[in-house]
Structure formats: C-alpha cells, structure tokens
Amino acid sequence: MRKELERYFRKDKLPHIWCPGCGHGIITGAVIRAIDNLKLDQNKICIVSGIGCSSRAPGYMNFNTLHTTHGRALAFATGIKMANPELKVIVLTGDGDCAAIGGNHLIHAARRNIDITTIVFNNSIYGMTSGQYSPMTPKGAFATTAPYGNIDRNFDLCKLAQSAGATYVARGTVYHVPQLIKLIEKALKHKGFSFVDVADICPTYFGRKNKVPTPVAMMEKIRDMSITVKTAEKLSAEELSGKIVIGEFYEENALEFTEEYAKIIKTAQGGK
Amino acid sequence: MGKRVMLMQGNEACVEGAIAAGMRFYAGYPITPSTEIAELSAEKLPKVGGKFIQMEDEIASMGAVIGASLAGLKAMTATSGPGFSLKQENIGFACLTEVPCVIVNVQRGGPSTGLPTLPAQGDVMQARWGTHGDHPIIVISPSSVREVFDMTIKAFNLSEKYRVPCILLMDEVVAHMREKVELPEELNIEIINRKKPKASLPDYKPYKDYDGDGIPPMAAFGDGTPFHVTGLIHDETGFPSTDPKVTENLLNRLMNKIYNNLDDIIEYETVDTADANTVIVTFGSTARSVLRAVKLLRQEGFKVGMLRLKTIWPFPHKAINELTQTATKNLIVAEMNYGQLIETVKASADGVFKVYGLNKYNGELITPQEVIDKVREVAVNA
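As you go down the protein sequences, you meet chains A and B in turn.
Numbers 3 to 274, taken from this note's numbering, label the letters of the first sequence in order.
Numbers -5 to 376, taken from this note's numbering, label the letters of the second sequence in order.
Do not rely on the hints blindly, as some may be mistaken.
Stated by the list, open to error - Distance condition first, Cα-Cα at most 16 Å in a straight line; then the derived EDC-like pairs of lysine to aspartate or glutamate:
1) A:K193 x A:E241
2) A:K191 x A:E253
3) A:K15 x B:D217
4) B:K289 x B:D367
5) B:K323 x B:D266
6) B:K189 x B:D229
7) B:K199 x A:D14
8) A:K191 x A:E254
9) A:K46 x A:E88
10) A:K15 x B:D269
11) B:K(-3) x B:D205
12) B:K297 x B:D257
13) A:K265 x B:E37
14) A:K46 x B:D367
15) B:K202 x B:E173
16) B:K41 x A:E254
17) B:K251 x B:D205
18) B:K297 x B:E261
19) A:K268 x B:E37
20) B:K190 x B:E180
21) B:K289 x B:D266
Source of the hints: derived by calculation from the structure; they are not laboratory data.
Use the sequences and the hints to build the structure in full.
So, in structure tokens, the structure goes:
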C-alpha cells in the first residue's frame, strides 16, 4: 500500500475477510484512490453499505461508515444526506444488495437525483451466502441455487439507473483499474445521483461453478468481454450479447434533491 | 409562543408534539389511518428548518429515519399495521445500534390489510416483539388528544435519553378524534437531547459506556470524529465481534439501560383502585370507555377501578404489584384485540388475581356498556 493512502484505511481491521482472488479489494482501492486524488475531507465523507461481501468494505475504510440492513443502504444514505447535505455520501453495494432486494431504493434514489454516489461491486453472484444466483447472473450460468443452469434473465443495471433518473452513469471493471479510478472520481465530483457499476470477479463461487478456475482466468475473461461505449454503439444487439460495455453512459446537470429541499425551507419560512 | 387552545385531531397533536420535542426529520409512506401525520409534517417541518421526505416504501422510511438520526437530527416516522410490519427489520437495527428515533403506529384492524379505517389494538405484541432477537424497546400509548401531544414529546425524550427506538402506539380513535386541547407554553416543555461525547475525547468509541449508566454518548456523522456503525454484534469500538463475552455484555447493557430505569420510564394512572374489588386494566382509547363505565358502576355501588397503562413496554409490573396491597381480587383486561396484553397481565398477576379478558376485534370500540356488563358478569361469577 502506498504510504499516503494508509490514513484512509483502518489498518487494525486488516487483513480483510474476502477470499483470495476476490475483486472487492481492487474496487475498494479504486474508491480510496479517487478520494485521495480529489483531496476530499475525510471527516465529511460518509460511506454506507448494505449486506453482503461488498458491504464489508466500509469497515476497513477510515471515514464515517455505516453498515446497514440488506438492500437498504440507499434509504439510510438518503436520510443522512438530507440531514446533513455537507456530507459526501457514498454507497458501496453488491449486485444482490442493489439489484434484487434494494432495487426499489436504487430506482427512487436515482429518480430524486439526490447527491449520492453509488458503486456496485457486481460479481454476478451472492458470495456471502456462498454462491446463489443474483439478478446479474447471466442466463445459463451455474450457481448453488441454479444447479441446472440459470433460467432467470439478467439485466443492465446502468440502463436501469439511467432511465430511473441517475445523472451520472458509468461502468468500469476490476481489470481496467486506472479507468475505474477516473470514473469514480467523475462520479464523486458529480452533483446529483451518480452510479458506477463495476464488473467484478468472484473466483470462489462464480468461477468454480462456471469453470473459470482461477482469478487470473476470470480477469482475462473480463478483459476479453469488455468493449468501450464507442465500440458498442456500432454493434447489433446480437453482437453485444456477452459483452461488458465500459465507460461513461450518461452525464447531465440537473437540479439536485437536497438543494431543491433547501428552497422549500426558504419558501416555507416566507423567503423567496 | 404562549398557551394555545385549539380544536385538534390526535394525528395533528402528534406533529405539534414532535416539533415541540425537536423533531427535524420525518420520513414516511402514506398509510391509513396515520397519513395526516405525514401531511402535517410535510407542511410544518420546513417552517422550522426541518426536513420531510416521502420515501418509496415503509422500509426505506425507517432506514432514512435512522440515517438522519445518525447524522444528528431528531427523526420520526408514522405508519399503521402493514407498514409497521415492514419496518420491523430496521427497527431492530436501531435497537442494536442504539439510534434514537420515534415510530408512531396508529393501529388499525388486522391481520394483513384488515380494516384500514377502523380501530384496533392488535399490535401490542408486535410493538414488543416485532423485530427478531432479544432487544429493548419502549412503547407508550395515549388516550386523549392532549396526551398524544405530551406522549410524542415523551417518546422523543425517552428515545434520546436511552438511545432506544420509542414506539408511540396510538389507535385509530385517538388519531382521528378531535378534542379541545390547551397546548403548554414551550418554555414549560421539558426537552431531552441525546448525550454527546465530550469534545476532549481523543479516541471516541461509539459504544463505550463512558459514564457507567449503560448509555454511550453519541456523536453524529460529520462531527469530526469518524466512527463505524454496524447491525452486526459489535464491541465498544463499533466493530463486529463474535466473542461470546462481547455479545453477552452488549445485550446485557442494551437491556439494563432500560430495565435499570423503569421508574423513570414507566407511567400509569389509577382511578378508584384503593378500595376496588375489580380493576379494569386497559390503555389507549379503550380507557375512555372504561373510565365512563367505572363512574357509572361506582354510582351503582360497585367497587371497581381502572388501571390505565400509559407505558405498555417495558410492562409496568409494579402497577400490578401495587394492586396486591389493595382489596382487588379480579382484573379485567380490556383491549381491542383477541387477547394480547392479558397474557402478560396474567404472568404479572401470577395467580394472585383472577384475570378476565374483555376483547373486541370487529372494528368497533369497546363501549362503556360492554365494560359494565363484563364487570357485572365477573361480580356474579366471583
């Protein structure tokens, strides 16, 4: 670890609980590097998570941190941000936490355009409970609860976030780390609801079940499946199948929720 | 602001009381018969610089309330049966993480969607045990509009003082009834705020019992002392632990901070119990019918009294115990449900009294006449 980054970690809580080869540490590191690059005030950052492997990340990070209930991080984060809009509120969540049990909160936090940055550790599996399929598990993949292959269709979380109203939407991967750091920086700087989906790897549960035997092989797979937003624009739906489109999808300057509420307070108090 | 005499509804008094107590954040979801509390909070909170948000569901409302409280605001939500069920997981989170918050449950007929517009008192046990695991909780229940005002303030005060969720267990009658009330001058209202860490604490531990009273001082996110909060069992630093001793100590402290302070927390009212042969134990709007019945029965010469529980949980065993010093032989537990509080009353009475139930669960109030009939029936059988 670079010396100047140490202050962002609770070193006495390390080593982390994640399995060898897990991508979560890479995403956590990218978040820390983005925060360091932006020189944000450590005391004014609040990191909120739900339940799952990814949601253990805040415990290692030296900020105001809140480990909530399954799927509900965005609801708690909304209360924090409204109560104290000075705080930079970041939600770290997994694909089960965010896309399944927390899906409703994602839609509505995005719709409000509240100034929260959400980063999804998207490894297409429930890791903490040891390998059940999530809404992000591809059709046909295997999981402990899909022993004959997954018949659920997965969906594009970035498209969901964007159509619900998120004003910054991007996707990175744990393979393309410098790009990921830049995307998170942009998300953190953005005023409004920003959303970064991160294609992540779970060698222990997704990899073993799906014959991608090593972390390296999973990384290579992510590398080979990834194409840029620009390239993707030229491809048909069929050609896009099985690809991970990475880069920025959407950016818009729009009225932010807590600022809009500040205006309500002004009006209610008789101001203009 | 001086004294204010107004005609107001219970739900309205709740919002007035909450704002007087210092509520500056409300998150809720529309549900009958509590909706006016959300509507009035939306109108009144921004006037005092507070914040209102209508969340996407009941679960999110409870989450937002806890988040706002952790960021330093006094926070409340209001709901009814189905919504109360949905909030339970996050209420448990607030119990374990010791986040002050007030949850108003305007009870309606259940189970399930039940009788949305009709009164019931069927959430007595859910209010105590709705969330999983052993946990402390405070539940108080008002009987009049003025008492809604006072008890909402009390709910905030207890919640802030003991760092525990407090449930204001109303019912549809008290919520929608209009009464003439005189609200006290603000100067005369006692307000309790959560204990903050001393500025000099260099190494703040969010769950350390610094003062030996079982209630750790509470910083807010953004105060300048970063800390961690988790719904996992944690040690005094706030970080997860599976150590049996840590677990036991935490649960003991959570329980003891409430059960060592019962005299401060518990309130009840007795009417004509000193010489009563039969005492009717009740709470909420049912107490109004009981009070009327006691008056009428007394005129007929019946030695009957009322024990009205203002605090339901922790259960006021002391109130039952005090009756053993009187001539009381029979207890009638009057409640708008199939018989919930009666089981705890029986356990508390421990064979000293004969305990009878007066129950109604058809969406109608228990009337004074029904109370009178029950007292007569008990008198004949006794």
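Hints versus structure:
Between the alpha carbons of A:K193 and A:E241 the distance comes to roughly 34 Å, so the proposed pair goes past 16 Å and is violated. Of the pairs offered as hints, the one joining A:K191 and A:E253 holds, with about 12 Å between alpha carbons and a cut-off of 16 Å not exceeded. For the hint pairing A:K15 with B:D217, the CA-to-CA distance comes to about 22 Å; that exceeds 16 Å, so the pair is violated. Using a Cα cut-off of 16 Å, the hinted pair B:K289 and B:D367 holds, with the two alpha carbons roughly 14 Å apart.
Of the pairs offered as hints, the one joining B:K323 and B:D266 holds, with about 14 Å between alpha carbons and a cut-off of 16 Å not exceeded. Of the pairs offered as hints, the one joining B:K189 and B:D229 is violated, with about 19 Å between alpha carbons and a cut-off of 16 Å exceeded. With a CA separation close to 15 Å, the supplied pair B:K199 and A:D14 stays within the 16 Å bound. Distance check on the hinted pair: A:K191 and A:E254 sit about 13 Å apart at the alpha-carbon level, within 16 Å; holds.
About 7 Å separates the Cα atoms of A:K46 and A:E88, which keeps this hinted pair within 16 Å; it holds. Of the supplied pair hints, the one linking A:K15 and B:D269 is violated, its CA atoms being roughly 64 Å apart against a limit of 16 Å. Restraint check for B:K(-3) and B:D205: the C-alpha separation of about 38 Å exceeds 16 Å, so the hint is violated. Between B:K297 and B:D257 the alpha-carbon distance is near 28 Å, which puts this suggested pair outside the 16 Å criterion.
A C-alpha spacing of about 14 Å is found between A:K265 and B:E37, which places the hinted pair at or below 16 Å, so the restraint holds. Distance hint between A:K46 and B:D367 is unfulfilled; the C-alpha atoms sit about 64 Å from each other, more than 16 Å. Pair hint B:K202 plus B:E173 does not hold up; C-alpha atoms about 45 Å apart against a cutoff of 16 Å. Restraint check: the Cα-Cα separation between B:K41 and A:E254 comes to about 31 Å, which exceeds 16 Å; the hinted pair is violated.
Distance check on the hinted pair: B:K251 and B:D205 sit about 12 Å apart at the alpha-carbon level, within 16 Å; holds. Note on B:K297 and B:E261: the hinted pairing is violated, with a Cα-Cα distance of about 24 Å set against a maximum of 16 Å. With a CA separation close to 13 Å, the supplied pair A:K268 and B:E37 stays within the 16 Å bound. In summary, the hint linking B:K190 to B:E180 is not supported, as the alpha carbons are separated by about 23 Å, beyond the 16 Å threshold.
Taking the CA atoms of B:K289 and B:D266, the gap is near 9 Å; set against the 16 Å cutoff, the hint holds.
Checked against the numbered hints above, the structure breaks hints 1, 3, 6, 10, 11, 12, 14, 15, 16, 18, 20 and satisfies the rest.
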